[in-house]
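Just so you know, the sequences run in chain order L and X.
Here full-length UniProt numbering is used: the first sequence runs in plain steps of one and ends on residue 302.
Here full-length UniProt numbering is used: the second sequence runs in plain steps of one and ends on residue 650.
No lab work stands behind these hints, which were simulated from the structure alone.
Please note that the accuracy of each hint is not assured.
To be verified - For the chain L half of the interface with chain X, some residues (derived, Cβ under 10 Å), not all of them:
id : residue
1  : M203
2  : A215
3  : P217
4  : R230
5  : H232
6  : V262
7  : E265
8  : D266
9  : Q268
10 : L294
11 : L295
12 : Q301
Stated by the list, open to error - Simulated DEER-style distance windows between Cβ atoms:
id : chain 1 : residue 1 : chain 2 : residue 2 : range
13 : X       : H630      : L       : P299      : 23 to 29 Å
14 : L       : E177      : X       : A601      : 57 to 63 Å
15 : X       : A601      : L       : R230      : 40 to 46 Å
16 : L       : E297      : X       : V499      : 53 to 59 Å
No experiment lies behind these values; they were computed from the predicted model shown.
Ideal Cβ placement from N, Cα and C applies to all residues, glycine included.
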Amino acid sequence: MLQQFNAIETHLNQVILGKPQQIKLALCCLLAKGHLLLEDLPGMGKTTLAHALANSLSLSYRRVQFTSDLLPGDLLGMTIYDTRSHQFSFKPGPVFSHLLLADEINRASPKTQSALLEAMEEQQVSIDGETHALPKPFFVIATQNPLDQSGTSALPESQLDRFLMRVSLGFPSRAAEFELLDSDRGQSRLELLSDTLSIEQLMHLQQQVPNVTAAEPLLHYILDLVGHSRQHPDMLPLSPRAAKALLQAAKSWALLHQRNYVTAEDVQAVFPSVAEHRLAPKSHAADARWSALLLKETPCQL
Amino acid sequence: MLNLHFQRHAALLQLALLLLLWPALSLWSFLLLLGFISFAALQSFDKVPKLSLKTANIVAALTATLFVLSIRQFGAMHFLMHILLLSALLRLLALRHHGEAQQLVWVHYFIIGCSFLFHQSMTLAFVILSTVAANLHLHYLLFSPEPVPWKRLSRTTPYLLWIIPVWLGLFLLFPRLSPLWQLPSSQQAISGLANDIEPGSIEQLVQSDATAFRVSFDNGVPPPQSQRYWRAKVFEQFDGRRWSVERDFSKRSLRQSDPATSAVESISYQIIAEASYQQSLFSLATPTQVDSSIESLPAGLVQAKRPVTQRISYRLSSQLRGVMSTDQRESELNQVIGEHNPQSYRFAQQLSQRYPEPHHFAEAVLDHFRQQAFYYTLNPPRLGAQSVDDFLFNTRSGFCGHYASATALLLRQAGIPARVVGGYQGGLWYPEQNYLLVRQRDAHAWVEYLVEEQWHQLDPTAAIAPERVLSGLDESLSDADRLSLSSPWLASVPLLNQVRLQLLHLDYYWSVWVLGFNQQRQTALWQSLYNAWRDYGRTGLYVVAGLLALLCMAGLWYLYRLKTKTGSYQLMLRFIPALRYKPEGMPVSQALARLAQSNPALASELNSTNQLYQQWVFASDQQARTELFHRLKTKHKTWKRLQLPDGFQP
């Protein structure tokens, strides 16, 4: 199963050229049942990544373009009176899918944002007193534009915290971009993705993540990192939830590398994506300065 | 083909050997051999060609013939040294093959060993040791084209420390064999008192600051300065000017010490005498017990069995009383006055009429010196053939030799047997180092006269210059005289003088503990070891065994701790020191991967170690820990040589 997962990774690398690390992080995030925040300028391939992920994992996929006038109902769905049957019936919104691409999440009003974030956290939606469970697995890829633009409302810290990882795709290398221009078959390639993993298989893999061994000294290292952030005057302290998220991501990363134990290198590999947006919400994902500083300053005796 | 480094180095070493064997060489042979060495040096810079074997043989034959012709001048021993040096030097000039060079190196070792025949001082022992090191390097050059790099030298030198126990063991336990052959007496000028003294000879001797001998006393306290008369020779023949040792002196019968007087307290002491190239040695008053290594002589003197060519040490016990007369002939011999110095004869006759008793007469002579205008000086006027007349009635100034000579003659002319005794008086006592230093400067001459079978000591110098006897020569001289005494240039600077003194003391310990370690001491060491074994042996064995067991247990415990308990990080640091220099936040596994990149030869080794490490630390795999420990331990030398990658800061 893991082999298939790795094959998907290989295929994704053929669609998104020159970004193996980010693809791996995205898959890691998915495996760890976390949500992913992609921070990039428009046109960097965020949508392509989300779409490719959904396709290769046989997940249902919906995309919502967030605007300032988007209402929570547009996202979650609403109860409509059916004049024919004289009954109220629930029309599920785009959130009822396995993979939701929330494009430009910072353009929406805080109200809409928090509706989505609540759904992400609770894995269910409550409308008019009725609770509707979201499909499993439920995975949100939100994107946001890093430049402060008028009419946007940045996600508050508490809500950023809901995203397991924040990743920036970044500009491709010249060679990768040349390849992109030369072939110009990006869209068609997306359809070539055939190696799919069933939802059951994906969930089975997700269930394996908690079983990955994290040795005692490793937990102490994570605590060292978190503790260090709490003593640093220039950054926000990492919450216990952040520590949990870090461990979860590291386990998932280890699993991706076909190991049943987490190493310090795993922790360090996922740390910038997991911690940077929690340490400094105003920072940019492309410049993971604070997490790099923490990694450098925390002695690692493992 | 041998390299030029070897040639150059060998030439230099041979120069050192030549200088070390200098005492065996005469000037012309030294220059000749030096010529060969310069030729070898020129060869090493490719200025002159190698000698063919034929040429070398011809040169060797010619030179050897020269040496054989002058074998009488050299003596057999020194001749042998010449031949040894010649063979080594010429071998180098015609060196072609590896095997020959190897022979040469071994001959060098032998020559270095031979140099101990001529040098025993500590300084030269170090010089000889360094020539051994140089020869070792030469040995190395035989197999390597380049000189030893300093870096490696400093790393390997500590291994030499392992030799020290072996070396000490050999020194202490190797049997001291008595020499298989006798060293021939050499041509060296004798030092110290000669077999005859005439006016001026002692004055010359005291110019030297060299050490004559050193004494340590068994009870740790020397007798007072005024009793420290070290007898070396008795002069019994007088020709009007010169006193000399009687020709048949050593053939006289020895007299056993009188048992009635043995109640007098005796003192025991050890003397370390410097090489004097004479047989005579030094003793206080009447020696009663004499080391087996030396011989007793008549007149209470002692001598070595052979001329003293090396520093020797011997033990004595003495009773501080006058020597007993040996036979009738001795007293007759010491009454001979000869037909000279008539004026003093008349003076002696007059004086002996007033003081017929010998002790009174002796006292009267000293009173004469005290009351008349006699002077004590290091630079007395020259005396004629009738030296005593000249001194007593004309110049009236002299050094100890003059006074002793005149007193002895006056005593003889009054019918009392008397003789001049030569030796040393006083000496510098170093309480901290616990030894007495007697220098040539302390050379002295005094008188003994015979009354009733017993020789009485009489020192006229004590009458004219009591300071000489009580506090040494320097105190007793006038300022002008003192300036004329040559003093070692080092002594003029206080600090350097201090250094000189310390070196002197060090030299003393060297001779006591290294040179003085003879067969007797070795036997004593064995004996005391045996005694210790008999007395405490069993207990000692248990204690040692217990300690060893404890040590073993501690070692095993340490290993056990290291193997099972030590934290992963400490364990890795213990075996792979390069990890100390990793950036602080870098995980060990990543650091190992980096090390594998920078050490491609060890990459697979490091990577598999890394694998085991991660298995152990992150998967808590104890099996991996055991394997890792084993791997770390078996390759522990490999890990020390790792190249640091970029970013690792030592």
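- Interface hint for L/E265, Cβ within 10 Å of any Cβ on chain X: At about 5 Å, which falls below the 10 Å cut-off, the nearest Cβ of chain X leaves the hint on L/E265 intact, so it holds.
task: Please test the hint of 40 to 46 Å on the beta carbon pair from X/A601 and L/R230.
output: holds, 45 Å
Chain X contact restraint for L/L295 - C-beta distance below 10 Å: With Cβ-Cβ at 5 Å, under 10 Å, it holds.
Hint validity - L/H232 Cβ closer than 10 Å to any chain X Cβ:
Given a least distance of 14 Å, the restraint on L/H232 is violated.
Quick check on L/P217 please, does its C-beta sit within 10 Å of some C-beta on chain X? holds, 6 Å
Satisfaction of the L/Q301 interface hint, Cβ to chain X closer than 10 Å | It holds, given that the least Cβ distance between L/Q301 and chain X is near 4 Å, below 10 Å.
Measuring from the C-beta of L/Q268 to each C-beta in chain X, is the shortest one below 10 Å?
holds, 7 Å
**Q.** Status of the L/A215 interface restraint (C-beta, 10 Å, chain X)
**A.** Holds. Min distance 5 Å.
Q. Per the CB criterion, is L/D266 less than 10 Å away from chain X?
A. holds, 9 Å
- For the hint on L/L294, just tell me whether its beta-carbon gets within less than 10 Å of chain X. For L/L294, the interface hint holds, since the closest Cβ of chain X sits about 8 Å away, which is under 10 Å.
Does 23 to 29 Å hold as the CB distance between X/H630 and L/P299, or does it fail?
Given a distance of about 28 Å, which is inside 23 to 29 Å, the answer is holds.
**Item:** Residue hint L/R230, partner chain X, criterion CB-CB below 10 Å
**Value:** violated, 17 Å
Consistency note: the structure conflicts with the earlier hints numbered 1, 4, 5, 14.
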